[in-house]
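Protein sequences appear in the order of chains A and B. When you line the first sequence up against UniProt numbering, it's residues 1 to 416, in that order. When you line the second sequence up against UniProt numbering, it's residues 1 to 416, in that order.
Certain hints may be false.
If chains are identical, the list can't say which one is meant, so a pair holds when it fits in one copy or spans any two.
To be verified - In silico lysine to any residue, SDA-like type, Cα no more than 20 angstroms apart, as pairs: (1) 91 <-> 60; (2) 64 <-> 187; (3) 64 <-> 99; (4) 64 <-> 87; (5) 190 <-> 274; (6) 326 <-> 167; (7) 326 <-> 90; (8) 190 <-> 354; (9) 362 <-> 284; (10) 27 <-> 395; (11) 27 <-> 150; (12) 326 <-> 406; (13) 190 <-> 275; (14) 362 <-> 105; (15) 64 <-> 376; (16) 91 <-> 396; (17) 362 <-> 102; (18) 64 <-> 119; (19) 27 <-> 1; (20) 91 <-> 107; (21) 27 <-> 56; (22) 64 <-> 332; (23) 362 <-> 243; (24) 64 <-> 16.
I should point out that these hints are in silico values taken from the structure, not numbers from a laboratory. Since the model is a prediction, treat every value here as computed from it, not as a measurement.
Protein chains: 2
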Amino acid sequence: MARIVMKFGGTSMAGIERIRNVASRVKREREAGNEVLVVVSAMAGETDRLVQLCREASALSDPKEYDVVVASGEQVTAGLLAMTLQGMGLKARSFMGWQLVRSVGAHGNSRIEAIERELLDEALHGGTVAVIPGFQGVSEDGRVTTLGRGGSDTSAVGIAAGVGADRCDIYTDVDGVYTTDPRIVPRARKLDFITFEEMLELAGVGAKVLQTRSVGLAMRENLPLRVLSAFEDLPGTEVVAELGADMERNTIAGIATDRNEAKITLTRLADRAGVVGAVLGPLAEAGIAIDMIVQAASREGAESDITFTVPTASLHQAMAVIETRKADIGYDEMLFDPNVAKVSIVGVGIRSNPALAATMFKALAEARINLIAVSASEIKVSALMTEDQMETAVRVLHTAFGLDSRPDEKAAGAAA
Amino acid sequence: MARIVMKFGGTSMAGIERIRNVASRVKREREAGNEVLVVVSAMAGETDRLVQLCREASALSDPKEYDVVVASGEQVTAGLLAMTLQGMGLKARSFMGWQLVRSVGAHGNSRIEAIERELLDEALHGGTVAVIPGFQGVSEDGRVTTLGRGGSDTSAVGIAAGVGADRCDIYTDVDGVYTTDPRIVPRARKLDFITFEEMLELAGVGAKVLQTRSVGLAMRENLPLRVLSAFEDLPGTEVVAELGADMERNTIAGIATDRNEAKITLTRLADRAGVVGAVLGPLAEAGIAIDMIVQAASREGAESDITFTVPTASLHQAMAVIETRKADIGYDEMLFDPNVAKVSIVGVGIRSNPALAATMFKALAEARINLIAVSASEIKVSALMTEDQMETAVRVLHTAFGLDSRPDEKAAGAAA
């Protein structure tokens, strides 16, 4: 017997027919002898409807009241699922966020602090399925809070950790985590296994399969996750701390893309100690994260250009900050370009296997893709390029690393 | 400075534009220096939508889960109104039913036990408008409860009593309480004042202006109510314990109708002591309320017929109960007729003024209306007739008691 959390997203809960499908899956786990907690999202579209009502009510809506309004969507689906399970002969009851989930931090974007597990343990020991609205909790002063958009994943993982669950299954409208965005590479392959760290790096690829915060939380709690289709019986992707011997692969996990960076270049900086700090210090103070940096000597030798990337949303703020420090930094020109993209190969052990980086740069060079900057971490090598070259880069890398699925593979998977 | 509760129904809360209108009325009361609590219904149609979802989810939906689902509608409007008030520059916050309203009794039909007034007092003393979802509370074991359909009126009165409010204003889509159903008598007149007891008797007339339970509660708490239009600036109707000298009228308050009774006649009962008890005892045991009773000697003299009314919804059950006791009771035939109606004149002091009853019977006789049964109480005289005679009876009585408004009166009222 295992204790498991099953999480279902808005598409899976959109209407009574789909809620019945969810109930059938819950019933199967229960009949396999598991203790089951279910975390549910609001019906697809409902949270958007409620957010829109808040916007219409007041341009500057109070986050405390916003939380009261938008938290109602999951309350409805939790009650409906509990009823549906009862109708199928299971013991089930709903719990409200305020009964279970103590949270801290700003309204509209709270963090789970603790789970009141006594009520849940009692229900589970009695064979009752616990149905819990995702995305919400209660503040120290007893007010309804929400965890931010997509927060139901975080609820599921936080509740799983809080009740000592053996695993957390995230049911969604895709059937797992893919090697890359299938819209760019139609032959992208579903991964059977992926590590938490790889998952965090691949989270930006295509459809947001899992909220990043929930993956980080599961990693810290060492809680195994599975990403599964809510609609088809497929094995999905297991997200684990380390790849076991049976999960080995001799290539990367996948290829991540990121269009949300912009490039800033400052020309002809004095080549003196501390000049990089003079640029980056004020940006850090302003809360602007810098990702890639490259410093290149200019023709004269005593001066150099510096190029770095910031989130596109922060580009104008970053430029304003630098402008005010121009005298202090001492550059000639500030150039910028929002039309850049970052392509990364992601996989455990990348740094310890230089052949992988070599394969990457060879493939990109053969495709005549100019690299603006390069960076590397324990599990990732990234290359910055102009945005119009991104899709080509992803495709050649996908092929070079042997990730393309065989034409018959997806069909075989669907039949399993 | 007064402490007042303002209650707004679903029609008044249907959409952001109408919520803004509600907020304007709240603002006016606040700016007059009053401490204000607002009790809100769900948007018109929303509770029906949620109830329908529950029905689809499970034919036998668990009342505890039903409550979780349907209580969400008022949660949304409470948050939206609090935001809107803030947007107009007022201090406001929403409270949830589970934070304030302790309830007892069956889920789906709970009663208010107590109001946690500390939180409310604190808010009101600080100049904050308290916005509270109607229709709901929390059970002793911490689960969401609802008070039954129309329960927002009861919430408003219960909360007003619990916080020692000076009065409770019920804003609705009619502009007050009328002398009778305006669909039957277009010249029905709005009453400026009515007593609680009269209001209880007139509750059945036409649109249910106020939930009966809420009127009974206000009467016990001696809490003045006002029924007002949410859309027009009209004086409405004040519901009070006793008519003051300035509220005197020399006629009845109004005319009530009731189509929801059915008539049962048992023929040729032995004219012996205890025969009425033999009929009514088993019905009382079965929980069936009997209203009017008339016993009439039959031609032979040693036997009599007995006729009484039961709620139409209980007619078949009542007949089944009597059928099983036929030998015991000893009647010849059981006849029944669901097509009867009760017309009542209502007003304080009716019993002490026999001229009123005389006026009633004279008017009905002149209109050739046959009375099946008659009953009287302190504030009411009722006549049972066939349903097809009901509307005529109401019209002649309305004229006979001088209740018809002058042709120009409604226009004058609207301009006030």
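field: Contradicted hints - numbers only
entry: 2, 5, 6, 7, 8, 9, 10, 11, 12, 13, 14, 15, 16, 17, 22 and 23
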